Each structure stands twice: as C-alpha cells, then as structure tokens.
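Read top to bottom, the protein sequences are chains L and E. So the first sequence is residues 1 to 111, counted in the working numbering. So the second sequence is residues 1 to 114, counted in the working numbering.
Warning: the hint list may mix true and false statements.
Okay, the calculated beta carbon distance ranges per label pair [as the list claims (entries may be wrong)]:
#1 E:Thr99 to L:Glu20: 21 to 31 Å
#2 E:Met15 to L:Trp83: 33 to 43 Å
#3 E:Ser20 to L:Gly53: 29 to 39 Å
#4 E:Ser20 to L:Ala17: 38 to 48 Å
#5 E:Gln82 to L:Ile68: 35 to 45 Å
#6 L:Arg77 to E:Arg110: 41 to 51 Å
#7 L:Gly62 to E:Pro95: 19 to 29 Å
#8 L:Pro40 to E:Ser20: 37 to 47 Å
#9 L:Ala1 to E:Thr100: 35 to 45 Å
#10 E:Ala39 to L:Ala1: 32 to 42 Å
#11 L:Ser70 to E:Ser20: 19 to 29 Å
#12 L:Thr96 to E:Pro61: 34 to 44 Å
Everything labelled a hint here was simulated from the structure, so no lab data went into it. This structure is a prediction, so every number in the text was calculated from the model and none was measured. Each residue gets a CB set at the ideal place from its N, CA and C atoms; glycine is no exception.
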Amino acid sequence: AQSVSQHNHHVILSEAASLELGCNYSYGGTVNLFWYVQYPGQHLQLLLKYFSGDPLVKGIKGFEAEFIKSKFSFNLRKPSVQWSDTAEYFCAVKDTDKLIFGTGTRLQVFP
Amino acid sequence: ETGVTQTPRHLVMGMTNKKSLKCEQHLGHNAMYWYKQSAKKPLELMFVYNFKEQTENNSVPSRFSPECPNSSHLFLHLHTLQPEDSALYLCASTPLGLTTGELFFGEGSRLTVL
Chain L
1 AQSVSQHNHH VILSEAASLE LGCNYSYGGT VNLFWYVQYP GQHLQLLLKY
51 FSGDPLVKGI KGFEAEFIKS KFSFNLRKPS VQWSDTAEYF CAVKDTDKLI
101 FGTGTRLQVF P
Chain E
1 ETGVTQTPRH LVMGMTNKKS LKCEQHLGHN AMYWYKQSAK KPLELMFVYN
51 FKEQTENNSV PSRFSPECPN SSHLFLHLHT LQPEDSALYL CASTPLGLTT
101 GELFFGEGSR LTVL
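Excised from the complex, chain E in its bound form:
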C-alpha cells in the first residue's frame, strides 16, 4: 500500500470508446504525475501537475486529456485511442518540487485498446 490508489486496475476499450482512469493519493502531496509504461521502452512521462496546475505536457496526443480537480485526485480521460496506446498507466505523487526525489507510485491501470 503506497497511499496512491488507481482505478480501474484493468480496462479494455474499443477505439471509439470514452473512458477515464482515476488516481487518488492520501499522502498530502501537491504534485501528481501520469507515466506510461510500455514493454521495452523507458517509462514515458505524460503530464505533471503542481497544486492542480498542469506544468508539463510531454507532447502527449490530445486523445489523452488529464484533469486535476484538487491536489489529491488526478484523472486521465481517454477518447478515440489507438491499439498502440495499450500500456500500463502509472500515477505518482510527491511533495512539491520533488524535494526528496521520491515518487510514490500507484499499482497502475492496465489498458488494452482493441
């Protein structure tokens, strides 16, 4: 148990569906992240939020739309995805500025796009 909870753990969707991934942290952190983990590739940073404000969008396609309503919750809205978007999506949080260098990760949401 890391204090970072991701739901759903597994998701299968068609290319025309709309779905959302949810991340919740109970650690009092002010920074939250979305990473994409694909086989044989580096973990890819997608988005960074500090105090609910997006501070990084790592050239992510617009079919991925993040939302951070407060410092404890982070969503990733998915729309018109492609099969190559199938991956494990990881949420992480940390105190603002990554001062300790430690990211606290959730267990991930395994996405399969058919």
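Next comes chain L alone, as it looks inside the complex:
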C-alpha cells in the first residue's frame, strides 16, 4: 500500500521567513501527490496537486511544491510566510479511488 511521511510535526516561524515542509512517499511508480491545508476551525482544502508534467507545481496563496522522483519527495515551499498561513498542512498520495494522508505538520507563524 502507498504511504506518505511528513517529518516535521511542528514548525514555528516568524513572518517573512521562508518555509519548506517535507513529504516523502513510498511508491516508485506513477504517483499523484497533493498538499491539503486545514486552517484553525475550518475544513481541509486542497492547496496544490501534482499529476504529471512540470514537477514544480504552483498552488494557492503563493505556495509551491516540487516533485523529485529520485528522492521520492514532494516538499511544500513558500518564500515568505504570513501570520495567516498558520494552519496544519497534510501531504497525500492518491491510491486508486482514495487519498492516503500523512500525519500533518502544524505551522505557527508569529508576527
């Protein structure tokens, strides 16, 4: 079965700092990868996704992620975080008709 792992459980940053959250997946074949975000008290929502093509994927709110097949990684990045980016971030991989999620990374951004 496919799986993803997120090694950063809790990240604390100041506004304007750069962000990189790690995500590694287990399957060596064709993969569809996702980042979801859950703002405090809100529903999980899609941030960005990779299906094929350009390995650098851009999402909403200035986030991007890079698919590196040789490293089995799909790390999330943002050059300059804002206080409003405080949320929990989940990496996920598609397995037939379902998504398999990681443990999530809690990001706290202080003004």
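Add chain E to chain L, keeping to what the hints say.
The following block gives chain E in isolation, referenced to the frame of chain L:
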C-alpha cells in the same frame, strides 16, 4: 462553505450510548468517504462509498457502522464506543474515481467518548 455539511459539529457520548453522525453533500458527487482525524496520527481512511456501495472498509471495528442511503447522504452509526475513539470525524466527497484528485471535506464532527 464546501458543499459538504456534517452534523452534529460536537458530540459527547458515554460508552454505552448509540448515536449517529450525518454527512450531506450538495455537489452532485458519487463517492463519499469517512476519515478519522486524531492528534499526531495520519488521517485514517475508514470507509469509501461509490454510488451508495461500500467499496472500502479499512479494518474499522464493528462499533462503527456506516450507511449510505443515496449518493448525497452518508451516516456513521456509533455504538459501544471506547474513549480512544474520541477524534474528529471527517466526511468527504468527490466525483466518482477521484478523477480530479480533490476531496471536498466537511468541517467535521468532534466526538468525545467518556
């Protein structure tokens, strides 16, 4: 507003109670899911329904009983739960086959088992 509505938002129950969680989607999707979200654990897939038929039961204990009467409604019936079942239960929907890869989630039902 995601088009996926879950009720109740909060539920406290004793170990001998019977209660149900409800999920309703207004997006015309044909696939619906139950996930369990616990602190410091991956989101755990519990059940998948496609066109009202259960296509996945991820080794969920029988004290959780899902029901999908139509493509727009999904229930999770709870009976004789344990304190470790306390968690946020998330419902999601998507077009059949997860073709876009996007799941549309509700805001969840926060369950506390005493």
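Going down the list of hints, with the structure as the test:
no.: 1; hint: E:Thr99 to L:Glu20: 21 to 31 Å; result: holds, 30 Å
no.: 2; hint: E:Met15 to L:Trp83: 33 to 43 Å; result: holds, 41 Å
no.: 3; hint: E:Ser20 to L:Gly53: 29 to 39 Å; result: violated, 43 Å
no.: 4; hint: E:Ser20 to L:Ala17: 38 to 48 Å; result: holds, 45 Å
no.: 5; hint: E:Gln82 to L:Ile68: 35 to 45 Å; result: holds, 41 Å
no.: 6; hint: L:Arg77 to E:Arg110: 41 to 51 Å; result: violated, 32 Å
no.: 7; hint: L:Gly62 to E:Pro95: 19 to 29 Å; result: holds, 28 Å
no.: 8; hint: L:Pro40 to E:Ser20: 37 to 47 Å; result: violated, 27 Å
no.: 9; hint: L:Ala1 to E:Thr100: 35 to 45 Å; result: violated, 22 Å
no.: 10; hint: E:Ala39 to L:Ala1: 32 to 42 Å; result: violated, 23 Å
no.: 11; hint: L:Ser70 to E:Ser20: 19 to 29 Å; result: violated, 48 Å
no.: 12; hint: L:Thr96 to E:Pro61: 34 to 44 Å; result: violated, 23 Å
Violated hints, listed in ascending order, are 3, 6, 8, 9, 10, 11, 12; each of the other numbered hints is respected by the structure.
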